[in-house]
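Colleague: Respectively, the protein sequence lines represent chains V and A.
In case it helps, the working numbering puts the first sequence at residues 75 to 235.
In case it helps, the working numbering puts the second sequence at residues 8 to 279.
Check each hint, because a few of them may be wrong.
Straight-line C-alpha distance at most 35 Å; calculated DSBU-like pairs for lysine-lysine [stated by the list, open to error]:
hint: 1; chain 1: A; residue 1: Lys240; chain 2: A; residue 2: Lys229
hint: 2; chain 1: V; residue 1: Lys138; chain 2: A; residue 2: Lys159
hint: 3; chain 1: A; residue 1: Lys159; chain 2: V; residue 2: Lys167
Okay, the calculated beta carbon distance ranges per label pair [unchecked claim]:
hint: 4; chain 1: A; residue 1: Glu105; chain 2: V; residue 2: His83; range: 49 to 57 Å
hint: 5; chain 1: V; residue 1: Thr158; chain 2: A; residue 2: Glu105; range: 37 to 45 Å
hint: 6; chain 1: V; residue 1: Ala172; chain 2: A; residue 2: Glu253; range: 48 to 56 Å
hint: 7; chain 1: A; residue 1: Glu258; chain 2: V; residue 2: Ala172; range: 51 to 59 Å
hint: 8; chain 1: A; residue 1: Asn276; chain 2: V; residue 2: Glu188; range: 28 to 36 Å
hint: 9; chain 1: A; residue 1: Thr66; chain 2: V; residue 2: Glu78; range: 26 to 34 Å
hint: 10; chain 1: A; residue 1: Ala221; chain 2: V; residue 2: Pro126; range: 42 to 50 Å
hint: 11; chain 1: A; residue 1: Ala221; chain 2: V; residue 2: Asn80; range: 50 to 58 Å
hint: 12; chain 1: A; residue 1: Arg146; chain 2: V; residue 2: Met133; range: 28 to 36 Å
hint: 13; chain 1: V; residue 1: Thr158; chain 2: A; residue 2: Ala231; range: 49 to 57 Å
hint: 14; chain 1: V; residue 1: Pro155; chain 2: A; residue 2: Ala221; range: 52 to 60 Å
These are computed hints drawn from the structure, not numbers from a lab.
For every residue, glycine included, the Cβ atom is placed at its ideal position computed from N, Cα and C.
Listed here are the chains, written in short residue letters.
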Amino acid sequence: MVTEQNIWHLLEEVKDPEVPVLSIVDLGIVRQVSTEDDQINITITPTYSGCPAMDVINMDIRLKLIEKGYRKINIQQSLSPAWTTDWMSDEGKRKLKAYGIAPPNQKQQFCTSEMFAEEAVQCPRCSSYNTRLVSQFGSTACKAMYQCSDCKEAFDYFKCH
Amino acid sequence: MNTQLFTYTLHLADNAFILGQRNSEWTGHGPVVEQDIAITNISLDFIGQARNFYQYAATLYNNFSDAEKKEIDFLIPRLWKTYNRELQEDDLAFLRDERQYMNLLITELPRGDWAFTVLRQFFFSAFQYYQYSALQRSRDTQLAAIAEKSLKEVTYHLRWSGEWVVRLGDGTPESTDRIIRALQDLWMFTGEFFIPTGYEHAANSSGYGVDVVALRDPWEAKVASVFTEAHLKMPSDAWAQEGGKEGRHTEHLGYLLAEMQYLQRTYPNATW
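Take these sequences, add in the hints, and give me the full structure.
Modeller: Pasting the structure below:
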């Protein structure tokens, strides 16, 4: 008998292909899981509209469930309410930092169109707040590039969204 | 009314798609690597937004009655009709001809220099910011959801492009000269934002679309505030180039489509 609990548990093993320390549950993109007999329905939401990882995540969920013997899988995409970094779990933020990526600040005044606004981002290596923005865009849609002015290390910041 | 919703959705998709394609030409050519990444990340957001709109348009079409399908037949790619399968997002993106695209002219203009690219981005992002803000309240729940999702990305684009306008306008004599030239070339393409077509009128009066006329004031206020910081003068000329939203394009769109559609037209239904 499939339970929703089982499925949530399995989804914790599905990783974000671009930030492999985070599971899709940590990331907050799994919005709903429901089961009816052997039918499994999962609703996920994209981080960014054009995030190329979404198609891979879709496939990885399917593969993980098939591997565990589940066959009737329906994955739906939901756009509203829109994903926000506030849905990332505390555990996820801790894992990000340990991996060397600064976790997102609480979504607040920084998600505005205000120009040249400065955000206090903590260096994931030496924990200094004496950091500077190098680029508002980074290696993936969800990250910006920073440099620590104390330990001089360059790092990714998972930007608040 | 259903067919107008289809047309309106396609128009929203085309704006994002064509500018996304145009900006992607900077891949590997940005002035510095960080900005190369920035402009192409913006492209990626646009193409994602376009996909959401195209997917919705295709779903609408597939559920239309024969009479409805006939009504908008002029927008449907001819090649797809030989496929004998349901309409998909890629058919709308890669198989339509020039006259079937309903994007704003400003989105299809050649990429120009960096000043032209960032000023165009700023004008368009400021427009899209107010357009999507209003579209979040659409009576059509799918359009509202796409707008809500995309607005966060657009907010970031607006901030980034506004900062560049200030940086160039208030920069060196060379950068100031370049952004003023870009302004002279681009300004006449901004009026089209606010001149509603028939399908935009229908969208607005039925409650699922945005009244573009009402967006002019907030847009001008936003542009004026950034221009003040950039030491740029707002042009007073109000004459506007138009036609893109009804399929009458500049000569530049054809070349863009030829490059973008080459693969799907040469190898129909190719996937990877």
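Colleague: Could you run down the list of hints and mark each one as holding or not?
Modeller: Results of checking the hints against the structure:
A hinted pair counts as satisfied when its Cα atoms are at most 35 Å apart, and Lys240/A with Lys229/A qualifies at roughly 13 Å. For the hint linking Lys138/V to Lys159/A, the alpha-carbon distance of about 31 Å falls within 35 Å, and the restraint holds. At roughly 21 Å between alpha-carbon atoms, Lys159/A and Lys167/V fall within 35 Å of each other, so this suggested pair holds. Between Glu105/A and His83/V the Cβ separation comes to about 52 Å, which falls inside the hinted range of 49 to 57 Å.
Taken as a hint, the range 37 to 45 Å holds for the pair Thr158/V and Glu105/A, whose Cβ atoms sit roughly 39 Å apart. A hinted range of 48 to 56 Å holds for the C-beta pair Ala172/V and Glu253/A, which are about 55 Å apart. Between Glu258/A and Ala172/V the beta carbons are some 55 Å apart, a value that agrees with the proposed interval 51 to 59 Å. Distance hint check: the CB atoms of Asn276/A and Glu188/V are about 46 Å apart, inconsistent with the given range 28 to 36 Å.
Hint check: Thr66/A to Glu78/V, Cβ distance near 28 Å, so the stated range 26 to 34 Å holds. In this structure the supplied range 42 to 50 Å is violated for Ala221/A paired with Pro126/V, their Cβ-Cβ distance being about 36 Å. Judged by the Cβ atoms, the range 50 to 58 Å given for Ala221/A and Asn80/V holds: they are separated by roughly 51 Å. For the pair Arg146/A and Met133/V, the supplied restraint of 28 to 36 Å holds, since their beta-carbon distance comes to about 35 Å.
The hinted range of 49 to 57 Å is not satisfied by Thr158/V and Ala231/A, whose Cβ atoms lie roughly 31 Å apart. In this structure the supplied range 52 to 60 Å is violated for Pro155/V paired with Ala221/A, their Cβ-Cβ distance being about 26 Å.
Checked against the numbered hints given earlier, the structure breaks hints 8, 10, 13, 14 and satisfies all the rest.
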